[in-house]
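*Asks:* These protein sequence lines are chains A and B, in that order.
Heads up: the first sequence at position 73 corresponds to 73 in my numbering, and the numbers run straight through without jumps.
Heads up: the second sequence at position 304 corresponds to 813 in my numbering, and the numbers run straight through without jumps.
These aren't lab readings, by the way, just hints derived from the structure by calculation.
Heads up, a few of these hints could be off.
Stated by the list, open to error - One side of the interface only, derived from the structure: several residues of chain A facing chain B at Cβ under 10 Å:
#1 101
#2 102
#3 111
#4 262
#5 349
#6 357
#7 368
#8 369
No residue lacks a Cβ here, since even glycine has one placed at the ideal position from N, Cα and C.
Listed below are the residues making up each chain.
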Amino acid sequence: MSAEAAPGVVAIVLVTVATLGIGAYGLRLSRTTSDFLVASRTVHPRLNASAIGGEYLSAASFLGVAGLLLVSGADMLWYPIGWTAGFLVLLTLVAAPLRRSGAYTLPDFAEARLGSRRVRGACVLLVVVIGWLYLLPQFQGAGLTLAAAVGAPTWVGPLVVGSIVLVNVTAGGMRSITFVQAFQYWLKLTALLVPAAVLAVVWLGDGRPTGGPIAGDLPDLVSWSRPLAEGDGQGLYVTYSVIVATFLGTMGLPHVVVRFYTNPDGRAARRTTLTVLLLLSAFYLVPPVYGALGRVYAGDLARGGSGADTVVLELPRLMLGGTGGELLTGLVVAGAFAAFLSTSSGLSVAVAGVLTQDVVGRGRLDGVRAFRLSAVVAVGVPCATALVGPDVGVARTVGLAFAVAASTFCPLLLLGIWWRGLTPAGALAGLGVGGLGSFVSAVLALGTDVGGRAAGGWVRLLLEQPAAWSVPLALATMVLVSRATADSVPAHAGRFLVRLHAPEAVVRP
Amino acid sequence: MPVMWRRTRLGSEADRATYRTLHQASLAAPALRAGLGRTSAERAAKHLRTLLGTPALVLTDAVEVLAWDGAGGHHAEQAMALATEALRDGATRVVARAELPCAASGCPVRAGAVVPLVVDERLVGTLQAYAPTPTAGRARAAEEVAGWVSGQLDLAELDASRTRLMAAEVRALRAQISPHFVYNSLGAIASFVRTDPDRARELLLEFADFTRYSFRRHGEFTTLAEELRSVERYLLLEQARFGDRLRVTLSIAPEVLPVAVPFLCLQPLVENAVRHGLESAEGGGHIRIVARDRGPDCLIEVEDDGVGEDPDRVRRALAGEAAHRSEGEDDAEGHRSVGLGNVDGRLRAVYGDDYGLVVETAPGAGTKVIVTVPKFAPGVHA
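Full structure from sequences and hints, please.
*Replies:* Below, the structure is given as structure tokens:
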């Protein structure tokens, strides 16, 4: 380990200690009954929103967005826009009814709405698949971060983050504790915003260079910053596919949905979502700064491959150097590490939760041991895949997780909440078509991607960005099969929808 | 030897017939266990018709046709008339061709058997099987199936009465909370009226809120936050009476406050803890209430450092033997056991046997009662 590694190591240790420390105080303590009202007050929407932001802003947001922008230009702004706008769809169509349904996980919602164990089983499978697709890039990102910041080999990152997450989750330390996750959001924002401000000042001091054309094949900063530079049909398709996947995928992310349970009622769920929108909007303003500065100062990283993902980590050192650079590097490393920890903990808890309930818990193990075993499986599988699997870029794998979520849970939630004609058979068919379609394409696209992009063409594009066709297909399947099996509409559908859409004060006087 | 293997796997023709029959019966059972209603009858009739192998199967109650599975629905009025007759006589009625005039050609409802369904020695409805030709075998089979259906409906009745019993016990709990507590609280409040009128007023308001919550009539479930708020009022009133002798510590994870829990599931446990805690020898007791988030479950612990209890007695109380308490046990003792057994029974009835109370205690070692509640269970919402 060189002297260069020191700020990174210090940052990582500090984040871990702070996370565990706040986790230990996560229980609200009160010694006398006069504090009781404080203790029995539910989580405020603002705090819960920070927690959702902390859990949601993953490595893909912290590192991946800047990397994508650096390589592919302003077109890629659709990713952060979509990841934020997903909460707008959640706010208007899903948040309050989902909370009123009383469901804790997505399989719970399916069971409560359709009364079918089989649909529940399909949802459990999908939660695990989406969770793992989302966890995989977190661990890969951890490898990159530790390699860039500390100079460790890339296999160290997945192991370190995997072990910390596993210890946390099994020991019950930071499990879904609101304060820890809220802290992580503000840590991430600070860790990205402060260095960005300093670097922007440096850029101004340097006389606002635009870098010029770095090499023959790369456009200069001005044309780079122009959205939809390649206005052909394929570019348009990719844009729409990204929009569909990110706008509609957010509501199907298992770790986001379980956080809504913390809200006391539907109204609080809406207010929480609105605040999340504001928090995310603020956060996503920053990564483009890194993308643009990277274009000027770190042209080498722009040549594609996973190196681009390290632009956030490398930039302070490249632009500033000296102690200032080291300090800022420490700060961004801390933020990146917080991103891995919070998102992977949230996901692991969500995946382990459904595994305990529906797979492991069916056996003879008692509650705690069943949960621990599930947690080992939930963390172990993606961690091992990250160690041996190909590296395909953080933001892209996350994009595929979104595509699968949008093709499965989005139709289920939208139709389940807004259409009383949904039947178990219809839901099952739609989940199957959407899930298989998007997942198989995702795996095919990832599998043929090793060692740089294969030849282009529409087939490859359709596989790589399945959302634009798989979401409508799943929706149509769900509607048509439900229509065909209209006699098996659950008897309680009407009553259930009333409960979802009427304010609590009306239903529960 | 593939032939041998297949034979041992599937069994002989008779084995398979038995299996098919039992399987059909087991498919009809869940619907019937919901009692005799239109929905349950419709669900069950389908399987019962397959079981009997008739073209038409009808289930009626004493007033109307509940389900007509198969062909010949236009005979409904005649079927109801036959049902009324069978219910009046209380015996199986074999229906001949002449009694079922029919204009439709090829209608398979030409003969049949009408068998009354008996639940708890009351005639509640009929099962009717129709076919193109009358046979003695079919009438006997219909009788047997009706007997089996009656048995399932009996079980449904049992389930229903168990639920009614639970509801009655909740009502009893509401009534039971009061006597000692009401006059002790009022006494404590009275003692403050002159010395500290403001506090007396506050306590009186708390008392009003507490009783309003405890006596509310609607809803089987409430949120953990509301239940804790009621516990808080209870503890405030007890503290007014006992002062520093009663110390309380709470650690509540805010994430679990919206969890739906059975109404009054903590109140009896806290009451026990207060009584136990204050029975300890040296000046007063310490009560700890903890609520934790454990993934898909919520964990609530109520702990006191009091005299503890004999584990065997707790086991008996949880097994529901509290009602037959031995001579010499005082009333409070019996009441306590009823509270514990009732909470345990209700938790098991709602969430299944994995979610019963866990009690850790020994004489002199204090008592810790652990309640586990899933964050989501089908049909449970506050």
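*Asks:* Each hint: holds or not?
*Replies:* Hints, verified against the model:
| no. | hint | result |
| --- | --- | --- |
| 1 | 101 | holds, 8 Å |
| 2 | 102 | holds, 4 Å |
| 3 | 111 | holds, 6 Å |
| 4 | 262 | holds, 5 Å |
| 5 | 349 | holds, 6 Å |
| 6 | 357 | holds, 5 Å |
| 7 | 368 | holds, 8 Å |
| 8 | 369 | violated, 12 Å |
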